[in-house]
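> Sequence:
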Amino acid sequence: MGSQGNSSMEVELAKCECCGLKEECTPAYIARVRDRFYGKWVCGLCAEAVKDELCRAESGIGMEDALNAHMQFCSQFNVNPAVNVADAMRQILRRRFEPHKALRSTQSSSNLGEEVAVGRPSSLSRSTSCLSTRSISSNKQRLGSGSSFW
1 MGSQGNSSME VELAKCECCG LKEECTPAYI ARVRDRFYGK WVCGLCAEAV
51 KDELCRAESG IGMEDALNAH MQFCSQFNVN PAVNVADAMR QILRRRFEPH
101 KALRSTQSSS NLGEEVAVGR PSSLSRSTSC LSTRSISSNK QRLGSGSSFW
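Residue numbers for the sequence shown follow UniProt numbering, beginning at 1 and rising by one.
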């Protein structure tokens with residue numbers, strides 16, 4: 001809603017009608033998004049999810065049906081959009097890189113209950129830190145025992 005001196009730099013706060021995420025956008029961009037999504041403003045993340053829905057649908061559904069399906073999904077499962085943005089991005093990227101209909105098989109008993117796509121490496125496991133213990137200890141060795149990291 002603020003202005004930066006000329007009308008081309010004017011921005012407005014737009015709220016996604018799917019997930020509720022708010023973004024600052026120019027009025028021209030908001031209008032283009034609304035034209036594309038049947039009068040609804042959709043954030044970039046939800047726009048990607050709608051495109052993904054279009055590509056993954058078995059029957060040839062249209063943009064409006066894909067948008068409605070995504071909006072219904074968001075209304076059922078989205079409690080706090082800001083908390084789930086990173087997880088949603090991870091899921092979109094994972095879907096984008098797996099085949100349309102991946103064959104699934106279970107691994108040996110060491111990974112009971114986990115399913116992985118045939119011919120694909122298993123997913124990376126999460127850690128509690130960005131740095132592994134191994135890289136921290138190797139950094140300490142390089143810096144020497146008496147010197148500080150910072």
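Heads up, a few of these hints could be off.
Claimed, not checked - Pairs of lysine-lysine residues, derived as DSSO-like cross-links and limited to a Cα-Cα distance of at most 27 Å, are as follows:
(1) K40 to K15
(2) K15 to K51
(3) K40 to K51
(4) K22 to K51
(5) K40 to K22
Hints listed in this document are in silico derivations from the structure and should not be mistaken for laboratory results.
> Does K15 sit within 27 Å of K40, going by the straight-line distance between their CA atoms?
Holds: K40 and K15 sit about 10 Å apart, inside 27 Å.
> When you check the alpha-carbon spacing of K40 and K22, does it fall within 27 Å?
Distance of about 13 Å is within 27 Å: holds.
> Can you confirm whether the C-alpha distance between K22 and K51 stays at or below 27 Å?
Holds, at roughly 20 Å.
> Sort out whether K51 lies within 27 Å of K15, counting only the CA atoms.
Roughly 19 Å between the alpha carbons, so the hint for K15 and K51 holds.
> Below or equal to 27 Å on CA atoms is what counts here, so check K40 against K51.
Given that 27 Å is the threshold and the Cα spacing comes to 15 Å, the pair holds.
In summary, this structure violates none of the numbered hints.
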